[in-house]
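J.: Assemble the complex: chain G is given as a structure, and chain R must be docked to it using the hints.
Protein chains: 2
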Amino acid sequence: MHYELYYWPTIQGRGEYVRLALEAAGADYLDVAREHGGRGQGMAAMMELLDSRSLAAPPFAPPFLKAGEQIIGQTPNILLFLGARHQLAPQDEAGRLWAHQLQLTVADFVTEIHDTHHPIASSRYYEDQKAEAARRAEDFIAHRLPKFLGYFDRVREQNPHPGGYMVGSQLSYVDLSIFQLIEGLRYAFPKATARVEKQHAGLTAIRDRVAEHPPIARYLASARRIAFNQEGIFRHYPELDR
Amino acid sequence: MHYELYYWPTIQGRGEYVRLALEAAGADYLDVAREHGGRGQGMAAMMELLDSRSLAAPPFAPPFLKAGEQIIGQTPNILLFLGARHQLAPQDEAGRLWAHQLQLTVADFVTEIHDTHHPIASSRYYEDQKAEAARRAEDFIAHRLPKFLGYFDRVREQNPHPGGYMVGSQLSYVDLSIFQLIEGLRYAFPKATARVEKQHAGLTAIRDRVAEHPPIARYLASARRIAFNQEGIFRHYPELDR
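In order, the protein sequences belong to chains G and R. The first sequence begins at 1 in full-length UniProt numbering and counts up one residue at a time. The second sequence begins at 1 in full-length UniProt numbering and counts up one residue at a time.
So here's chain G without its partners, still in its complex pose (with noise of 0.2 Å):
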């Protein structure tokens, strides 16, 4: 089946979960807002999706992928979908909700990871947010960072199956969600991240597991995979990092 994805195109973003998920699965998708052919691509092709007023199942906000006549957004409920299709999450129930709730906590963390940032309103400067934005990130550093790491890394450890993975015994997007968490978090906030990691090395390891997985490998040595920055959601502020 081919897929288009719909996100901003010059920030990893939330997009980036899917788009990791796509390359993983091999999947044969088309990155809509980053195309500049001809009708139906590019931003103008994203907000008339967004802005529609006759759509029957209209998204909120970006990422959303578009399969064949069926619209999903939100980041957990595409890899819902696309786990289920792309042998990348359990196939039986009960492992499909797991790997899920495991992704709505990633999903969890990822606000709290903008939120260091952008504690005011999302819609305002960074630097008219700054002392609010140093006392956030202070506590997220000095709580919930390691708070996060420290349970995902308790779910890897309780896993009951062998392989080294996040769930089940086999590369599952959550092991996907988990390597874009540390290159952010390292991006972001390579101190604390350093100190952290240091406790959490199977996290380390799975996260150098999935750079090296083949697919993976090539996106992320492809202009495809798009490098972070100050517009995405890990932003590098020396200030904020301890």
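Source of the hints: derived by calculation from the structure; they are not laboratory data. Treat the hints with caution; some may be incorrect.
As the list claims (entries may be wrong) - Label-pair restraints from in silico Cβ distances:
1) R:R53 / G:T111: 25 to 31 Å
2) G:T111 / R:Q230: 48 to 54 Å
3) R:L50 / G:Q91: 26 to 32 Å
4) R:A56 / G:R218: 29 to 35 Å
5) R:M1 / G:A56: 30 to 36 Å
6) G:E231 / R:Q199: 31 to 37 Å
7) G:R39 / R:T204: 38 to 44 Å
8) R:M47 / G:G37: 54 to 60 Å
9) G:G164 / R:L50: 23 to 29 Å
10) G:R218 / R:Q230: 52 to 58 Å
11) G:D208 / R:A201: 51 to 57 Å
12) R:Q230 / G:G164: 44 to 50 Å
13) G:E157 / R:Q170: 40 to 46 Å
What the hints assert, rightly or not - Here are some of the chain R residues that sit facing chain G, going by a computed Cβ distance under 8 Å:
14) H2
15) L55
16) F60
17) Q70
18) P90
19) D92
20) H114
21) N159
Quick reminder that beta carbons are idealized off the backbone N, C-alpha and C, glycines included.
T.: Relative to chain G, chain R alone:
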């Protein structure tokens, strides 16, 4: 099937979306942390599961639901599970994902509502972040509240099925969640909510219909419904309302 719900015993919080679904379904459930009876009940039972070093699928935080041997965490994930079993969501895959997508958007909104009074750190008192809360709440009322409620009302309008529900042509957990959002917003931000509700009478109609749905009406009149209070997600600080 008998369920065990695990959630903080003195607040509605995120657990309330699950309570409403269990009540609408007429499900047999125990609200474990609110029980004072014997073994396996009360807060101790909840903390034991949260801290377990042996569970194969340990939850990150309440609420979580025990269904036989399965433990399911993350509110929207619990509703995905219950919706399929108790006819509280469409039965086809596309409809099920669509209802879930809306619940994920409800969850995002709930986090933003919480952060109006705790923009810096959940672990600190409101009094320690009052200035930041005032800034965040101002942006919330000006931009986020109308954006989310406007979106949900558009979803209702664009639902091609007759009946005036959020999804499909019968009551789903999404309608229950809209009820809970409107109730909570009326409690927390009475002035701002009255203004926005005037523009979205269709959402008020869903709220009213859910309140009159017999199992929900019975629940709301019972001692099982915890009153809104200043410990939950929705808190009434008059200085944050406009």
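J.: Please list, smallest to largest, the hint numbers that this structure does not respect.
T.: Violated: hints 2, 14, 18, 19 and 20.
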